[in-house]
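There are 2 protein chains.
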Amino acid sequence: MNPGRCAACRYLRRRCPPDCIFSPYFPPNNPQRFASIHRIYGASNVAKLLQQLPSHLRTQAADSLYLEAQYRIEDPVYGCVGLISLLQQQIHDVERQLAMTQAEIAFRARHPQAVESNLLNNVGNPSFSNQASPWFM
Amino acid sequence: MNPGRCAACRYLRRRCPPDCIFSPYFPPNNPQRFASIHRIYGASNVAKLLQQLPSHLRTQAADSLYLEAQYRIEDPVYGCVGLISLLQQQIHDVERQLAMTQAEIAFRARHPQAVESNLLNNVGNPSFSNQASPWFM
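Chains as they are written, first to last, in UniProt numbering: chain A, 1 to 137; chain B, 1 to 137.
Just to be clear, a hint being listed does not mean it is correct.
Note: identical chains are not told apart, hence a pair may lie in one copy or across any two.
What the hints assert, rightly or not - Pairs of lysine to aspartate or glutamate, EDC-like flavour, derived with a Cα cap of 20 Å:
| # | residue 1 | residue 2 |
| --- | --- | --- |
| 1 | Lys48 | Asp93 |
| 2 | Lys48 | Asp63 |
| 3 | Lys48 | Asp19 |
| 4 | Lys48 | Glu74 |
| 5 | Lys48 | Asp75 |
| 6 | Lys48 | Glu95 |
If you're looking for bench data, these hints aren't it; they were derived computationally from the structure.
So here's chain A without its partners, still in its complex pose (with noise of 0.2 Å):
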């Protein structure tokens, strides 16, 4: 056994040559990153991709790819497109609250008097702008 094996070559079981594409990205000290991303993509899928690509944009290339990976594996259906739609989600329910709260400060603006009764009620509430229903509208 060659101890200087990366993580690839040792799960490949074959000789890590000077010139693998794999070692400088997959160490032996992580054995689950290699894995993983075998698993989903296949090693020689990985090294295609790696290869085309210059040697200084690799590292983030094998890094997203191990991501996309542990995303698949954990979620079999959607993968990190689950994530995608969740954060698409997250946003837009934000927002819709930054907007309501916007619109409160123009309401307030407009009509000091009318709303100086609800202030003491409302203000320091952090669920204030959070209502579906705001008592101004």
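Starting from the known structure of chain A, fit chain B onto it as the hints suggest.
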């Protein structure tokens, strides 16, 4: 040539069996869909992934694999992890904007006289709450 072959079997130049794992998700009228997936994952990895899922979830899995493959072809370094970072940054920005706007409401409620002179200048300006350094800080 068999016109009934699915896009995967056409691409792989093979007979399309009646129980083809690809056929329901890769119709012959969309050859690009299988070509993208094959380029990133390889046919056998996609087949394995679909086979391990119950049939009612395979359409969603094929769709999400296709989307991820498209992201990876467009951005070979970051794939859809690049989009995830972008969305997380967007959420951070909108949450920051929301916190500033909520702080503004609280300030106005506690200092109604102090802000009165600013209202006419600021209300109706859509970028009012987007400023990096708002007037009250």
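Practice prompt. State whether the alpha carbon distance between Lys48 and Asp75 is at most 20 Å within one copy, between copies, both, or neither.
Written response: between (25 Å within a copy, 15 Å between copies)
At most 20 Å between C-alpha atoms: does Lys48 with Asp19 qualify within a copy, between copies, both, or neither?
within (14 Å within a copy, 31 Å between copies)
Note to self: With identical chains, the pair Lys48 and Glu95 could be close in the same copy or across copies; at 20 Å between alpha carbons, which is it: within, between, both, or neither?
What the structure shows: Answer is neither; intra-copy 41 Å and inter-copy 40 Å both fail.
- Item | Lys48 and Glu74: within-copy, between-copy, both or neither at 20 Å Cα | Answer is between; shortest inter-copy Cα gap is 16 Å, intra-copy 25 Å.
Pop the pair Lys48 and Asp93 into one bin, within, between, both or neither, using alpha-carbon distances up to 20 Å.
neither (40 Å within a copy, 37 Å between copies)
Legend entry - Same-copy or cross-copy closeness of Lys48 to Asp63 [CA-CA at most 20 Å]: Classified as within: same-chain Cα gap 15 Å, cross-chain 23 Å, threshold 20 Å.
In this structure, the hints that do not hold are numbers 1, 6, in rising order.
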